[in-house]
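Model the full assembly from the supplied sequences, consistent with the hints where possible.
2 protein chains.
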Amino acid sequence: MKCRRCNREAQVYLKSYNISLCKECFLELFKRKVLSTINKFSMFSFKDKILVAVSGGKDSLCLWDVLVDLGFNTEGLHINLEIENHSSSLEEIAKKFASKNNLKLRVINIKDVLGVDIKKASRISKREPCRICGMVKRYVINKEAEYFDCVVTGHNLDDESSNLLGNILQWKKGYLGRQAPLLEEYGSLRKKAKPLCFISELEILYYVSLKNIDYFPYVCPLSKGASSLFYKNIINQIEYRMPGTKLRFYKGFIEDKEVYIKKESKLELIPCQRCGYLTVNKICNFCKLKEKVEASSK
Amino acid sequence: MKCRRCNREAQVYLKSYNISLCKECFLELFKRKVLSTINKFSMFSFKDKILVAVSGGKDSLCLWDVLVDLGFNTEGLHINLEIENHSSSLEEIAKKFASKNNLKLRVINIKDVLGVDIKKASRISKREPCRICGMVKRYVINKEAEYFDCVVTGHNLDDESSNLLGNILQWKKGYLGRQAPLLEEYGSLRKKAKPLCFISELEILYYVSLKNIDYFPYVCPLSKGASSLFYKNIINQIEYRMPGTKLRFYKGFIEDKEVYIKKESKLELIPCQRCGYLTVNKICNFCKLKEKVEASSK
Numbered sequence: 001m002k003c004r005r006c007n008r009e010a011q012v013y014l015k016s017y018n019i020s021l022c023k024e025c026f027l028e029l030f031k032r033k034v035l036s037t038i039n040k041f042s043m044f045s046f047k048d049k050i051l052v053a054v055s056g057g058k059d060s061l062c063l064w065d066v067l068v069d070l071g072f073n074t075e076g077l078h079i080n081l082e083i084e085n086h087s088s089s090l091e092e093i094a095k096k097f098a099s100k101n102n103l104k105l106r107v108i109n110i111k112d113v114l115g116v117d118i119k120k121a122s123r124i125s126k127r128e129p130c131r132i133c134g135m136v137k138r139y140v141i142n143k144e145a146e147y148f149d150c151v152v153t154g155h156n157l158d159d160e161s162s163n164l165l166g167n168i169l170q171w172k173k174g175y176l177g178r179q180a181p182l183l184e185e186y187g188s189l190r191k192k193a194k195p196l197c198f199i200s201e202l203e204i205l206y207y208v209s210l211k212n213i214d215y216f217p218y219v220c221p222l223s224k225g226a227s228s229l230f231y232k233n234i235i236n237q238i239e240y241r242m243p244g245t246k247l248r249f250y251k252g253f254i255e256d257k258e259v260y261i262k263k264e265s266k267l268e269l270i271p272c273q274r275c276g277y278l279t280v281n282k283i284c285n286f287c288k289l290k291e292k293v294e295a296s297s298k
Numbered sequence: 001m002k003c004r005r006c007n008r009e010a011q012v013y014l015k016s017y018n019i020s021l022c023k024e025c026f027l028e029l030f031k032r033k034v035l036s037t038i039n040k041f042s043m044f045s046f047k048d049k050i051l052v053a054v055s056g057g058k059d060s061l062c063l064w065d066v067l068v069d070l071g072f073n074t075e076g077l078h079i080n081l082e083i084e085n086h087s088s089s090l091e092e093i094a095k096k097f098a099s100k101n102n103l104k105l106r107v108i109n110i111k112d113v114l115g116v117d118i119k120k121a122s123r124i125s126k127r128e129p130c131r132i133c134g135m136v137k138r139y140v141i142n143k144e145a146e147y148f149d150c151v152v153t154g155h156n157l158d159d160e161s162s163n164l165l166g167n168i169l170q171w172k173k174g175y176l177g178r179q180a181p182l183l184e185e186y187g188s189l190r191k192k193a194k195p196l197c198f199i200s201e202l203e204i205l206y207y208v209s210l211k212n213i214d215y216f217p218y219v220c221p222l223s224k225g226a227s228s229l230f231y232k233n234i235i236n237q238i239e240y241r242m243p244g245t246k247l248r249f250y251k252g253f254i255e256d257k258e259v260y261i262k263k264e265s266k267l268e269l270i271p272c273q274r275c276g277y278l279t280v281n282k283i284c285n286f287c288k289l290k291e292k293v294e295a296s297s298k
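Residue numbers (the numbering used here), protein chains in the order written: chain A, 1 to 298; chain B, 1 to 298.
Simulated from the structure, these hints should not be mistaken for laboratory data. Please read these numbers as outputs of a predicted model, since none were measured by experiment. For glycine and all other residues, C-beta sits at the position ideal for the given N, C-alpha and C. Where hints are given, some of them may not hold.
Below are the DSS-like pairs computed for lysine-lysine, each with C-alpha atoms no more than 30 Å apart in a straight line [said to hold, decoys possible]:
id, chain 1, residue 1, chain 2, residue 2
1, A, 173, B, 15
2, A, 224, B, 15
3, A, 257, A, 40
Pair by pair, the computed Cβ-Cβ distance ranges are [stated by the list, open to error]:
id, chain 1, residue 1, chain 2, residue 2, range
4, B, 229, A, 24, 39 to 45 Å
5, B, 112, A, 248, 37 to 43 Å
6, A, 184, B, 257, 27 to 33 Å
7, A, 248, B, 40, 31 to 37 Å
8, A, 282, B, 71, 54 to 60 Å
So, in structure tokens, the structure goes:
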């Protein structure tokens, strides 16, 4: 198969666009697509200081790599969640990427901020590990981002479209109102952006493999049975039958959001009485969890 | 297992409601649910003349049976689509149901209105059989309903929720705007209602089996590979994992529709220059098809 753009031997075939590309053209288009998403939603500029949340998985490393390549001013943040047979490798991979590319990476250990690991926190709070993990990461990232202009995460099209599907099936209006490529700064909540939101997992896999980026390929052992994985399986079945649906579905929603979802009245957020983080309750979820952790160790 | 209402031996278990019921309580609640849907959307009254579209499958026979039982003034309409090894049995079953219950049933043969059967019409028009079939049925039913106050069809919750899913995934705004339990009369287009729209296929299967209603149980051979079946399979996987989702998804959409879908400006419909049926084009799709059929036989 030949590259659609330059007629060289193709190395990549994207069914959802029905296009074959050679390595060089694919990587160039990939970068261009990320930049156009950044510009379209005015996510950040070349003057901004950007904090990249880096797990050590393909998405966040791909994101960091592209942003550096595009010339943005970045720093990485890795949170070690102390998940058995998992977190140490992730940290190592993130560190290797940073040192190889001469980039600055902060590492935070969950035990230092919460006192326990995710599994234990989940047991203590009697809530699913994925929920706890998401909440803790959002909290820590926001805190660490104090002196940055924007936080970016590696959420890709598969994440966003499957998440959207789940929110629509249950008509979670609050989540739907806030599902966007960019969340503007609000009080002490930092600006958050998802520059890969229109790029599929498959495209990211091609990217990291063509650029020889070493990443941690395993699924988190604590996510077994998570509904996010269930919805991803569903959206993949749909994509397989109707290539391009993921993108049309997510893009259609984002571009025409006001047509589908009336703007939710802005949530009334107040500072947490313990830490000052903006929250809907008196005490934020992170501080509540911390209270429980402290109580359980007494 | 005991009946939740009367404590007799249960015969029905509905996972989506997590409820067990005996035959009598199930049938009573079923009837009540249909009546409440009819009233909620002001579909029709006891004074109205109602035309029931009866295929001979479980949904339409169940609907007709309930409406008669509730005391509504109904007449049946069966369209024989001349599908091999299929249509003659369907017609026979519809006729048997009518004569057994002393009800009036009109029978229309597709060859009399179109000149050919569905398979041939699909071949001539180069369009999927399901599309042609739906279009022809809508046309014929509307024509036959001239002296009725309302047309009713047996569309159930599985049909409506899977259809909704398909329309949302592709953001078909026009279809979404018109997806409703009731379509009001508009010019020569008759009022159309779906009294079973909140009742699942499983509930209907229980109903026809408990009431010993003979129905044609096979799937149409021409529907093989149809996207409606694909979306039903998808929505069933979701329901299996999260019982009650079908109902929450469809009901949530219907009840809060204006929040999700801004009202589409009413389509400008004009009478077909051939038959007078309201359409968006000069010649309606049915007449266009008929022209093609006539041309092909010359």
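Hints and how they fare:
In summary, the hint linking residue 173 of chain A to residue 15 of chain B is supported, as the alpha carbons are separated by about 25 Å, within the 30 Å threshold. Between residue 224 of chain A and residue 15 of chain B the CA atoms are separated by roughly 24 Å; this keeps the pair inside 30 Å, and the hint holds. Distance hint between residue 257 of chain A and residue 40 of chain A is fulfilled; the C-alpha atoms sit about 15 Å from each other, no more than 30 Å. For residue 229 of chain B and residue 24 of chain A, the Cβ-Cβ distance of about 43 Å falls inside the hinted range of 39 to 45 Å, so the restraint holds.
Taking 37 to 43 Å as the suggested C-beta distance range, the pair residue 112 of chain B and residue 248 of chain A conforms, at roughly 41 Å. At roughly 29 Å, the beta-carbon separation of residue 184 of chain A and residue 257 of chain B lies within the given 27 to 33 Å, and the hint holds. Checked against the given bound of 31 to 37 Å, the beta carbons of residue 248 of chain A and residue 40 of chain B, roughly 34 Å apart, stay inside it. A C-beta distance of roughly 57 Å is found between residue 282 of chain A and residue 71 of chain B, which places it inside the suggested range of 54 to 60 Å.
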